[in-house]
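*Asks:* Given next are the chains, with one letter for each unit.
2 protein chains.
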Amino acid sequence: MTDPAAVLEALRLELGDAVVTDPARLEAARGDKSGHRSDAPPLAIVDARSIEDVQATMRIATRTRTPVVTRGAGTGLAGAALATTGEIVLSTLAMDRVIEIDEDDLLAVVQPGILNGRFNDLLGERGLWFAPDPASRAISTVGGNIATGAGGLLCAKYGVTRDAVLGLTVVLSDGRVIRTGHRSVKGVTGLDLTALMVGSEGLLGIVVEAIVRIRRRIEGTVATIASYFPDAASAARAASAVSAAGVQPAVMELMDARSLAAVDALLGTTMGAAGAAHLVVQTDGPAAASEASSALAIIESFGGTAELTTDPAEGERLLAVRRAMHPAMERLGTTLIEDVSVPRSALPAMFAAIADVERRFGVTIPTVAHAGDGNLHPNFIFDGDVVPDHIWEAADALFTAALALGGTLTGEHGIGILKRRWLQDELGADQVDLQRGIKAVFDPLGILNPGKVFPPAE
Amino acid sequence: MTDPAAVLEALRLELGDAVVTDPARLEAARGDKSGHRSDAPPLAIVDARSIEDVQATMRIATRTRTPVVTRGAGTGLAGAALATTGEIVLSTLAMDRVIEIDEDDLLAVVQPGILNGRFNDLLGERGLWFAPDPASRAISTVGGNIATGAGGLLCAKYGVTRDAVLGLTVVLSDGRVIRTGHRSVKGVTGLDLTALMVGSEGLLGIVVEAIVRIRRRIEGTVATIASYFPDAASAARAASAVSAAGVQPAVMELMDARSLAAVDALLGTTMGAAGAAHLVVQTDGPAAASEASSALAIIESFGGTAELTTDPAEGERLLAVRRAMHPAMERLGTTLIEDVSVPRSALPAMFAAIADVERRFGVTIPTVAHAGDGNLHPNFIFDGDVVPDHIWEAADALFTAALALGGTLTGEHGIGILKRRWLQDELGADQVDLQRGIKAVFDPLGILNPGKVFPPAE
Chain A
1 MTDPAAVLEA
11 LRLELGDAVV
21 TDPARLEAAR
31 GDKSGHRSDA
41 PPLAIVDARS
51 IEDVQATMRI
61 ATRTRTPVVT
71 RGAGTGLAGA
81 ALATTGEIVL
91 STLAMDRVIE
101 IDEDDLLAVV
111 QPGILNGRFN
121 DLLGERGLWF
131 APDPASRAIS
141 TVGGNIATGA
151 GGLLCAKYGV
161 TRDAVLGLTV
171 VLSDGRVIRT
181 GHRSVKGVTG
191 LDLTALMVGS
201 EGLLGIVVEA
211 IVRIRRRIEG
221 TVATIASYFP
231 DAASAARAAS
241 AVSAAGVQPA
251 VMELMDARSL
261 AAVDALLGTT
271 MGAAGAAHLV
281 VQTDGPAAAS
291 EASSALAIIE
301 SFGGTAELTT
311 DPAEGERLLA
321 VRRAMHPAME
331 RLGTTLIEDV
341 SVPRSALPAM
351 FAAIADVERR
361 FGVTIPTVAH
371 AGDGNLHPNF
381 IFDGDVVPDH
391 IWEAADALFT
401 AALALGGTLT
411 GEHGIGILKR
421 RWLQDELGAD
431 QVDLQRGIKA
441 VFDPLGILNP
451 GKVFPPAE
Chain B
1 MTDPAAVLEA
11 LRLELGDAVV
21 TDPARLEAAR
31 GDKSGHRSDA
41 PPLAIVDARS
51 IEDVQATMRI
61 ATRTRTPVVT
71 RGAGTGLAGA
81 ALATTGEIVL
91 STLAMDRVIE
101 IDEDDLLAVV
111 QPGILNGRFN
121 DLLGERGLWF
131 APDPASRAIS
141 TVGGNIATGA
151 GGLLCAKYGV
161 TRDAVLGLTV
171 VLSDGRVIRT
181 GHRSVKGVTG
191 LDLTALMVGS
201 EGLLGIVVEA
211 IVRIRRRIEG
221 TVATIASYFP
231 DAASAARAAS
241 AVSAAGVQPA
251 VMELMDARSL
261 AAVDALLGTT
271 MGAAGAAHLV
281 VQTDGPAAAS
291 EASSALAIIE
301 SFGGTAELTT
311 DPAEGERLLA
321 VRRAMHPAME
331 RLGTTLIEDV
341 SVPRSALPAM
351 FAAIADVERR
361 FGVTIPTVAH
371 AGDGNLHPNF
381 IFDGDVVPDH
391 IWEAADALFT
401 AALALGGTLT
411 GEHGIGILKR
421 RWLQDELGAD
431 QVDLQRGIKA
441 VFDPLGILNP
451 GKVFPPAE
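Heads up: the protein sequence lines correspond to chains A and B, in order. Counting from 1, position 220 in the first sequence corresponds to residue 220 in the UniProt record's numbering; the numbering is continuous, with no gaps. Counting from 1, position 234 in the second sequence corresponds to residue 234 in the UniProt record's numbering; the numbering is continuous, with no gaps.
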């Protein structure tokens, strides 16, 4: 590796003002929304303004063998964008334009730095929307969605991020550019590198432009049901029954008692007084009313106390509660947020497993779930930057339970550094070797986000 | 490479009766439904009955450096499963069981050899279905769908094959087994090898089991509109206008005059007398009736003569006409079936480009289109096994036009051998190099379907 001062000089020579070494900015690039931090600040941040800036950065990085961490808004929850000593942070946050909205073909071409919420505001002016809908939509970028495969609240009905990405422009580790995919609905020319890039967490290249599918606004009534249950297990059983009955909610979110208490503390609400678990179901589209009525009957038959509203503002208020979950957790301490995903029918079993882990390890684990798709976010809370051993052990027990139920380590946050220790448990050694091989094809020098996803070699 | 007789002996020793050298079977493995044939029959066929049989075959192939062509029902249209001298054909057609149907989680676990039609019959008994719906459903396998990324008639509304595959069990080139993906709706652990396998045309490994998404039967009316237009261009404009108006047909199929004549000749129908282009639109779901009524008005405003039926049998009869297209083409001679896909709004421009190619090269190109997703199948017909030069030239002009419209070489058939000469035109040299690199990670000896997809090295 070249001397850091020489790297910095080369960057400044080529990129001028785009190169930032302001200590506050460098400090911020040590962390993300998981609350975890790297051990030291990076060398510099490049605020890329164009594809050419990204190419120039990667050419210098390749020439000087300098590691590069691509970063958007820094809202990740797995530590995938943490940067440390000697690393260049390649920020795509300033590349935030919507280049094209094609209403006839229902696609948009965007730069990676556009915020999800902002993108949806622009689309909304034309009666359109973008389905991937992370709870962090107001502060997270579309590029971050693509890098992590972030999903959100609407995946069960409207698909995961991979389904919404048609094509990508990618800068490779040596500065060359490739264009994957197409503007058509279908396309199977060669290996599907577009899908391979989605969720690749900065390991393979830098997404500098994306062709994404957009949708026409769903017309008609939106029905929202808010319900309370005596415990999370019964709410989970009701949620599974709603899905099994053939109702397809746009949103179905479950919050347990500890989550309700945390959100109450943040927002000054009193949900915790109404019950020990909360299930919100939202239906949309032509069958919204009949689906809501079926869901309501099922919820009540499982012991839920429910009310149904078709008022849009009231419905949005009920979802705002769910979106407040992460800020509420941040107030409690540092969080190790899990992101296990299990088959929908295993949701009650997963809640039982969480309760069991709480008992065995003497920890409390506030949990919310995207109940429509079986994705749970159990939150381990602790003080300080370092995850205590007993928390790792409890998390380990919880992952093991999710895998045993046919699930996965991470539904939508990615592996980053926080889950890499379990990667091989899920994938097996042979598959990890293949993945490392693919990484080496894209990044032969190992300069793209080193140390992330794959455990360090022993 | 080991002596062929020794390879055969090793296969027989380990796999016994599963090894077939019947000349008629070997002869059949030279071709597929494109009508193209390899220059000579392969060494042997292994009728694999289990994952262990596939593993044993691949261990022998690795040890002896023998090429392996994985093959299902042989209904491919790009020559991806043609086998030649010295190659082992690994047939997964006998691995045809549905291992599990999970109605609560809406997934099924299947072996690759199950026919699409048979799978849908079994699902239909429980009120379920599998969305990928190639026109060849009665004779093609689910494994073939996955290997080619085959789509079919319903992709615009119900997704492409990649969207329907949750996880795969794959035998690697040396006989090891990996399990990719998961049973949950979401999952982003590591690189998405499940998506990478879909459409990989036998280059990376052998799919021996798949976890696929299934759906509940769509209840309610199915409305079908059959319409005739004076020419294909006006039918294409009407189809684009239907999509642009926000109607989302389950099926929207366009056949030109030459296609109608060929199907008339096969089925004894008289569609050609009614008009020079035929557009079938089918709507389903809760909005079926209102969507059909909107589509009908648009079709008539574009000069179409239309009738609407809500009778299921009549609707199915109208689609059977479309499904007869390929057998109708087979009667005319050997076919080079193109499979270009363009953005929906470019459909009229693509039909104009096809007419231009017909004029310039003095060829006739019967064309059908999945008009809902912009996927066209122009058919070049000729005599004999060898594509004449002027057909290649005409095909070349047609591909160039599709790429210029933002489209792709192949929407759902794959590259095989018939389109490999254009691979680099679409992907560019840098992306082809990356794809070759990925291939080498999975298949370091180059024994998996050599010569397919990538043009032979010069």
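Worth flagging that the hints you see were computed from the coordinates, not collected in a lab. Where hints are given, some of them may not hold.
DEER-style ranges, computed between Cβ atoms [as the list claims (entries may be wrong)]:
| no. | chain 1 | residue 1 | chain 2 | residue 2 | range |
| --- | --- | --- | --- | --- | --- |
| 1 | A | 300 | B | 125 | 52 to 58 Å |
| 2 | B | 99 | A | 312 | 55 to 61 Å |
| 3 | A | 12 | B | 294 | 30 to 36 Å |
| 4 | B | 117 | A | 289 | 48 to 54 Å |
Which chain A residues face chain B? A few, computed with CB under 10 Å, are given here [stated by the list, open to error]:
| no. | residue |
| --- | --- |
| 5 | 2 |
| 6 | 177 |
| 7 | 191 |
| 8 | 234 |
| 9 | 340 |
| 10 | 422 |
| 11 | 428 |
| 12 | 432 |
| 13 | 450 |
| 14 | 451 |
| 15 | 454 |
Even glycine gets a Cβ: it sits at the ideal position worked out from N, Cα and C.
*Asks:* Tell me the hint numbers this structure goes against, listed in increasing order.
*Replies:* Numbers 1, 2, 3, 4, 5, 8, 13, 14 - these are the hints that the structure violates, sorted from lowest upward.
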